[in-house]
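Residue numbers (this note's numbering), protein chains in the order written: chain Y, 176 to 454; chain W, 151 to 782.
Honestly, I wouldn't trust all of these hints.
In the DSS-like style, the derived pairs of lysine-lysine whose C-alpha atoms are separated by at most 30 Å in a straight line are [claimed, not checked]:
no., chain 1, residue 1, chain 2, residue 2
1, W, 160, Y, 218
2, Y, 249, Y, 336
3, Y, 374, Y, 224
4, W, 160, Y, 336
5, Y, 336, Y, 218
6, W, 308, W, 322
7, Y, 219, W, 458
8, W, 488, Y, 336
Which stretches of chain Y does chain W cover? Using the computed rule of at least three CB atoms under 8 Å from a CB of chain W, they are [claimed, not checked]:
no., stretch
9, 182–193
10, 216–226
11, 331–343
12, 347–360
Partial list, derived from the structure: chain W residues whose beta carbon lies under 8 Å from chain Y [stated by the list, open to error]:
no., residue
13, 160
14, 382
15, 476
16, 551
17, 642
No wet-lab data here; the hints were simulated from the structure. Built from N, CA and C at the ideal position, the CB exists for glycine as well.
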Amino acid sequence: MDHLDRLESQSIYIFREAFYAFERIALPWSMGKDSNVLIWLAKKAFCTKIPFPILHIDTTYEFPEMLEFRDWAKNYYDLDLIVWINEAARRGDPPYSSPIGYETHDPVTVTHELKTVALQQAMAKYQWDALITGIRRDEDPTRAKERYFSPRTAQFEWDYKDQPPEFWNQFTTQVGPGEHVRVQPLLDWTELDIWLYIKREKIPIPKMYFARPDPQTGKMMRFRSLGCWPITKPVESSATTIDDIIEELRTTKTSERAGRAQDHHERNAMQKLRAKGFM
Amino acid sequence: MSSTAPSREKLRIVIVGHVDHGKSTLIGRLLFDTGSVPEGKYEQLKAAAEAEGMDFEYAFLLDALLEEQEQNITIDTTQIPFRTATRDYVIIDAPGHKEFLKNMITGAASADAAILLIAANEGIQEQSRRHGYLLSLLGIRQIIVAVNKMDTVHYDQKTFEQIQKEYTDFLKELNITPTYFIPISARYGVNITHSARDLMPWCTAPAILEALAQFTPPSARHDMPLRLPVQDVYRFDDRRIIAGRIEAGTLRVGDEIEFLPDGKRSRVKSFETWPIPQEPILQAEAGRSVAITLTEQIFIRRGHIAQKPQSGCIETHEFRANVFWIASEPLRVGSRFKLRLTTQEVEASLITLHRVIDTATLVAPPHSPDFIGKNEVGEVTLRTRSPIALDLASFLPETGRFVIIGSNGIAAGGGIVLHAKPEERRSSENIVWADGGVSREMREARNLHRGAVLWFTGLSGSGKTTLAVALERDLFRRGYQTFILDGDNLRFGLNRDLDFSPAARSENIRRASEVAKLMAEAGLIVITSFISPYRLDRERARAIITETKIPFIEIYINAPLEVCQKRDPKGLYAKALAGEIKNFTGISAPYEPPENPEIEIRTDLLSPEKALDLLLDRILPQLQLKEPETSI
Numbered sequence: 176m177d178h179l180d181r182l183e184s185q186s187i188y189i190f191r192e193a194f195y196a197f198e199r200i201a202l203p204w205s206m207g208k209d210s211n212v213l214i215w216l217a218k219k220a221f222c223t224k225i226p227f228p229i230l231h232i233d234t235t236y237e238f239p240e241m242l243e244f245r246d247w248a249k250n251y252y253d254l255d256l257i258v259w260i261n262e263a264a265r266r267g268d269p270p271y272s273s274p275i276g277y278e279t280h281d282p283v284t285v286t287h288e289l290k291t292v293a294l295q296q297a298m299a300k301y302q303w304d305a306l307i308t309g310i311r312r313d314e315d316p317t318r319a320k321e322r323y324f325s326p327r328t329a330q331f332e333w334d335y336k337d338q339p340p341e342f343w344n345q346f347t348t349q350v351g352p353g354e355h356v357r358v359q360p361l362l363d364w365t366e367l368d369i370w371l372y373i374k375r376e377k378i379p380i381p382k383m384y385f386a387r388p389d390p391q392t393g394k395m396m397r398f399r400s401l402g403c404w405p406i407t408k409p410v411e412s413s414a415t416t417i418d419d420i421i422e423e424l425r426t427t428k429t430s431e432r433a434g435r436a437q438d439h440h441e442r443n444a445m446q447k448l449r450a451k452g453f454m
Numbered sequence: 151m152s153s154t155a156p157s158r159e160k161l162r163i164v165i166v167g168h169v170d171h172g173k174s175t176l177i178g179r180l181l182f183d184t185g186s187v188p189e190g191k192y193e194q195l196k197a198a199a200e201a202e203g204m205d206f207e208y209a210f211l212l213d214a215l216l217e218e219q220e221q222n223i224t225i226d227t228t229q230i231p232f233r234t235a236t237r238d239y240v241i242i243d244a245p246g247h248k249e250f251l252k253n254m255i256t257g258a259a260s261a262d263a264a265i266l267l268i269a270a271n272e273g274i275q276e277q278s279r280r281h282g283y284l285l286s287l288l289g290i291r292q293i294i295v296a297v298n299k300m301d302t303v304h305y306d307q308k309t310f311e312q313i314q315k316e317y318t319d320f321l322k323e324l325n326i327t328p329t330y331f332i333p334i335s336a337r338y339g340v341n342i343t344h345s346a347r348d349l350m351p352w353c354t355a356p357a358i359l360e361a362l363a364q365f366t367p368p369s370a371r372h373d374m375p376l377r378l379p380v381q382d383v384y385r386f387d388d389r390r391i392i393a394g395r396i397e398a399g400t401l402r403v404g405d406e407i408e409f410l411p412d413g414k415r416s417r418v419k420s421f422e423t424w425p426i427p428q429e430p431i432l433q434a435e436a437g438r439s440v441a442i443t444l445t446e447q448i449f450i451r452r453g454h455i456a457q458k459p460q461s462g463c464i465e466t467h468e469f470r471a472n473v474f475w476i477a478s479e480p481l482r483v484g485s486r487f488k489l490r491l492t493t494q495e496v497e498a499s500l501i502t503l504h505r506v507i508d509t510a511t512l513v514a515p516p517h518s519p520d521f522i523g524k525n526e527v528g529e530v531t532l533r534t535r536s537p538i539a540l541d542l543a544s545f546l547p548e549t550g551r552f553v554i555i556g557s558n559g560i561a562a563g564g565g566i567v568l569h570a571k572p573e574e575r576r577s578s579e580n581i582v583w584a585d586g587g588v589s590r591e592m593r594e595a596r597n598l599h600r601g602a603v604l605w606f607t608g609l610s611g612s613g614k615t616t617l618a619v620a621l622e623r624d625l626f627r628r629g630y631q632t633f634i635l636d637g638d639n640l641r642f643g644l645n646r647d648l649d650f651s652p653a654a655r656s657e658n659i660r661r662a663s664e665v666a667k668l669m670a671e672a673g674l675i676v677i678t679s680f681i682s683p684y685r686l687d688r689e690r691a692r693a694i695i696t697e698t699k700i701p702f703i704e705i706y707i708n709a710p711l712e713v714c715q716k717r718d719p720k721g722l723y724a725k726a727l728a729g730e731i732k733n734f735t736g737i738s739a740p741y742e743p744p745e746n747p748e749i750e751i752r753t754d755l756l757s758p759e760k761a762l763d764l765l766l767d768r769i770l771p772q773l774q775l776k777e778p779e780t781s782i
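This is chain W alone, in the form it adopts within the complex (with noise of 0.2 Å):
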């Protein structure tokens, strides 16, 4: 009985073409032709047609919006499910006005196989080009060039073959080589649902539907090496949940895995679901999203990838793309930006344009070529500042491709990994002397973070060293500068000439205050983990740093004086309390507590691993640099 069978595999077919070469009239003509308009709709539109004097035209029947109704022109992408007796369709009908190409673009990155309509008696024009282009470098390889408007030419067989010629020519140039080549006339239905061999008895293409059910939907990847990007983790109750939907591979129970970047390892011990099955889910394949349970907890984020260890993700700081442009504000050698790959984000600039092209005439665009302008294609290396995981997207488009955030958050490009290695040491190739000096500026720019004190502060045993330490190694492996200021390594050298009476406590923060300032003038992030036990020698310290414009952020470790004792993880506590050590912090010498720290952690209630993660919520926003000099 069909109302239990299987819903249908959807193709999905994204129409393309220059402006008023129709596609909007093949739409509405696809869905007439096989019954997909509502009853009465046509009816209704032909009547209002006709109420106000105009013929009725098949586009009445998708452009939805009053705009584009007066206009005639399809202003954003829409989608329109149709279906024949073999299978169901999705159209994507894309804008073909040259402002609406981020529209198109939209519509046609999630498309399976692409229309491509050219008048027949206008020929080839810019956005035929442009939209074939932009096609190939998408990655959809299931196009049908259909040349439409046939009954204006008397359908003219020579008509045809010279665009068919001239189109092949350049597609060739492209290395795409279409799938059909259809005459048509999509106003009077020629060639649509069936072959016209009365008008064209010449033509030897199927007509667009046959042409259509030859086309295949998207390959399940479940065959390939596995990618699972984690997009969250949960902890709602005692489980830890690692969220996220496998792109490519298949993954098991017990499987190892691997989390990219840095590669720490544990297995799969549960799926987990909700409703709870019977029979426990025991494996998964590309395309689920998934939520499992790791055998062993290790630490993972969001932007973490996870594959079966070395099975071929590639980590690196730079990769060679292509980029396509679709923001005003042109993309400049040395801009830097966000850059989203599947769940990961990161900051990356443009090290070198190999070469721009214009996607309408696939030449140089006559600008200088030290940017891609809006609508332009560029060739591009590109490096990120913390490692990134991908593939090409020759091998897996889903972790091959990935976008450019403006700074209003939106979307400003996009674009193909063609070439990446996993990590190599680059030469001295990038490295630019400046003349008249190094500013603090020109060092931020080359580290793509800011300078900063981070000035850890409580008692000892509190936990700050360890804090300290993790946070240093996670933000280093992030690709961050940076170097731990520690209390007691000072007192071996540049302080040793100091005791711990209050006066010299207070030069001893003094002097750690300003090697800070130099250290985060030099452009590193400097952590500090001094007890810093008063209050107004940290309000100094925070002045002298922020005196140059440092951020000085507080980080209060918080631990009450019976857990730090309890710790005493160098046996202090056990000293002064026996008399041996004099003015020792909490026992004979006072602790000021901050009053207003830029955070504060309580390390007696979270886990060494919570702090962590709060801390790097916390700071690394203040890492990022201000406005990049080049907006887009």
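For reference, chain Y alone in the conformation it holds in the complex (with noise of 0.2 Å):
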């Protein structure tokens, strides 16, 4: 076994207690290049469907090669796919006074309202008691700190600061009402990693992550980490092959996220946000 046999083993491990501990899971996916790797995964851990429903928390700010991607990939996997919208927070319906967009607001405020908060409506309706997600520990320092099971209060809140003690395999799997459980199986994984896997098993991935020649100014460019076409701005590059991306990141020391806009907004934007509940 090599390293990514170890990985997969244990993200498939991992894939297994959660659906052996909950009566309601889904898998939220964003068709970035870590949760189509989950799907992979969710698809070799029960070795036929998905066994529970996906989900596209859509800002309705996608970019368009994403929600073709999507309809492709949801017939490729055979995917029992939920879309959720903030409708009322795009349109300014109660409680919102008016619409929320980037057009009028700032990242992390759209950020919370159109996933944040349309996550928590979408469980509000299914009721799911745990969520898997295709969060890595290297992203970011707070997701360095997070559990494999992780629990979030009824308020969605993490409690970074006294989390359950985890190890030897062993996962926190009791939730009270309301509260639900994160499941994270690529907590392990490096941005590396997830490339190395994606060529080793030819997994299926947008095609905005490989260099195109922009049309404004002609640079190669390509993005690293997909969002909401706002506030995600394509890094430039020349990898346009699967092997260009590998190499790059092995010399980079530019940060993943660091064409994401909510990230940076201010300081400990991404602590803030993920402790009221953002991925």
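Need the complex rebuilt from these two chains, each delivered in its own frame; the hints are there to steer you.
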């Protein structure tokens, strides 16, 4: 077994523990590289159709290419797909006084309303007691402190100051009313591991990860991390193949989420977003 | 080409030590000196520190939470990847504060190696000893003891050697020999990436990174005996797939395997995978999560452990262990709790506490010796209600360690199996005589389950007896005290004066209810198997039994009359139809099906195996004792 085999086995183990422990689970899917690896691992864990729904929180600021990919992958993987939009926020219906959008609001507010609150709405409807997320420890220092099974309160809060102990693959599986557990099978993976695995397994991913000439400047650009189009910027890169991307990652010192505006809006923006329920 | 090179083996290193002895600074330094800090981050943090009139600290590079930055402490464990030219590492930063011991263990339990820091100016402190002890308990054998802040003692050789001697003596008591003792200054980068002979010409130890390069990742366990704990059994389609991870050994298609507890055997038919490979997979080794099918359909569930027949996995009710305790409520002699070992979950109790030690001092704590307090370790004998399959931790850690779950569902402690023998009969040493009579609660506490009446009702031929027998056998094997009250058997003795008239049938059920109640009072799980056709009689049985708060679970074994007639196991339907039996339920006497049974089983739709599965799932939770008198 090599390093990727080990990561794969641990992730599959976590998927199976979650499926055993929780009656109602869902897998939020952004169509980004990590969540595509997550879908792939779920197919492997259950050797067949994924036995729980896949949730896409649609902010309505999705890149068209991502939506195309979503429709294609839904059929390819035979997904039971739920698409959820915080319609009230987009329209400005009560409790909102005006429509929420990047045109009028800062990225932290929009991310909170259109992602976290939308997720809360979907949770209220479907009553999931566990969500399987694609977060990794190396993405961000607050994620580095996560557990594989990480409890969230009914208010979606993460009590990072008093997390349950977790060792020897024994996880916290008890949830109170309204609470849920974030199950995080990719915690041990790094960005480089993800790409090495995508290459080895030939996992389909959106084309936006590969460098293309920018229509305005003609410079070669690619997306390293995908989010809402108004706040997600490509980075200069000549990587047009997965091998190129892997080579680039081995040498880069730019952080992965450098192109994601909501992280940099204020000091510890990510910690604040995450304590309130953001992935 | 490097881009296509396979990813490299990772070594996981935990950094432990007393608070403020420099763990975060060392990590920040390791990241910075190996070029693992993202571009601009150092400059950004340096500028931020200057703006607030502070000196830049390397610890800023990793303390992520606002509270951590403000108080300059690490609250929870964190993991940071970094790499050198030769190897990939994951650093696990473990908090040093005493109240964060659970986070330290969470971090350290997954490590392959450890760096334990002792500040030269403060010397060995409480957590230096505690963490050393826990490393030994967790089985971490590759240890660097780094004496940090050598700059504060002017790189003095005597100070270093004094600490080295004192701490070596301490570790000797734990049977630990640290691999390296290294004097460093994390703050000034001395002895981190390269030796600092200029400052400490007397130093013969390698630098931290040189020492780490000597350490080895955990060895593969594929040549050990097979251990495959079952995580789950999937029946999504017509396959019956057994899922689990091979913790040791190698498994091949065609291998005969034995499932503990109970030792049922079958052979591996296939490895199931997605996507389906071009060539079928024929074997898998330790560490691999697998899904297999068997040649023979035997009843397997989560918690079974597969091994090659008789290859040493120990099946027992009792074993000796070291337990470390991190919950606030102490673990007392007589405490009952859930114990999880791989995918097994069993109820257990602490029956003997051989000794308790304070991990900081290695002596018995001043409190009474009948409990293990927070942050203490005890050597104990545990008894489980149902048999558990395990190995000695010294033989195979994966199946030799367990966690104890508190009543809030959170791990309250962990343990290492020291000694266990395959099932042995105990003499009377654990029998306790109580003054003033034996109550039901005392019997239940002994049995580790409640007394209860499981009342099966249904037509003749519906499958009551078949299921009752299967259920009893299963419960008995799990260590429950059980007894079947069968309608026919009672009519041979106690009820032989009764005929089958409606009045006599009611009396039959009344007497049976009273007997069931007495037996449940004695702590047994009584499984009754009577047609009990009248709703009113069953309600009366319920009233008799629940009067003394014994659980009454009505189980409706439902199969259509045509199906029962077709089965006719005793030939009774044929006789009844021929008019040879009067008052035969379903033919010449009514059957009133339950309106709200606790459980209904359709035996015409379910296989006996599935029916039993369903029954167990519903019944087992009801048999658990309520809140233990000693809550954890």
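Problem - Restraint status (C-alpha distance of residue 219/Y to residue 458/W at most 30 Å) - result: Given pair residue 219/Y, residue 458/W holds - Cα atoms ~26 Å apart, limit 30 Å.
Problem - Distance restraint between residue 336/Y and residue 218/Y, which requires alpha-carbon spacing of 30 Å or less - result: 34 Å, violated
Practice task
Classify the hint on residue 160/W as holds or violated, based on whether any CB of chain Y lies nearer than 8 Å to its CB.
Solution key: 6 Å, holds
Handout entry: Annotated coverage of the stretch 331–343 of chain Y by chain W, confirmed only when three residues or more have a Cβ within 8 Å
Key = holds (count 8)
Problem - Interface hint compliance - residue 476/W to chain Y, C-beta minimum distance less than 8 Å - result: 6 Å, holds
Exercise for the section: Compare the distance between the alpha carbons of residue 374/Y and residue 224/Y with 30 Å, and conclude whether the hinted pair is satisfied. Expected result: 23 Å, holds
Exercise for the section: Identify whether the interface hint at residue 551/W stands, where standing means a beta carbon of chain Y within less than 8 Å of its own. Expected result: 6 Å, holds
Problem - Verdict on chain W covering the stretch 347–360 of chain Y, where coverage means 3 or more residues with a C-beta closer than 8 Å - result: holds (count 3)
Practice task
For the pair we were handed, residue 308/W and residue 322/W, check the Cα-Cα distance against 30 Å.
Solution key: Measuring from Cα to Cα gives roughly 21 Å; hence the hint holds.
Problem - Given pair status - residue 336/Y, residue 160/W, alpha carbons within 30 Å - result: 28 Å, holds
Practice task
Go check the stretch 182–193 of chain Y versus chain W for me, would you? Three or more residues, Cβ under 8 Å, otherwise it fails.
Solution key: It holds: at least three residues are needed, and the stretch 182–193 of chain Y offers 7 whose Cβ sits within less than 8 Å of chain W.
Problem - Given hint residue 218/Y paired with residue 160/W - CA-CA distance at most 30 Å - result: 26 Å, holds
Consistency note: the structure conflicts with the earlier hints numbered 2, 5 and 17.
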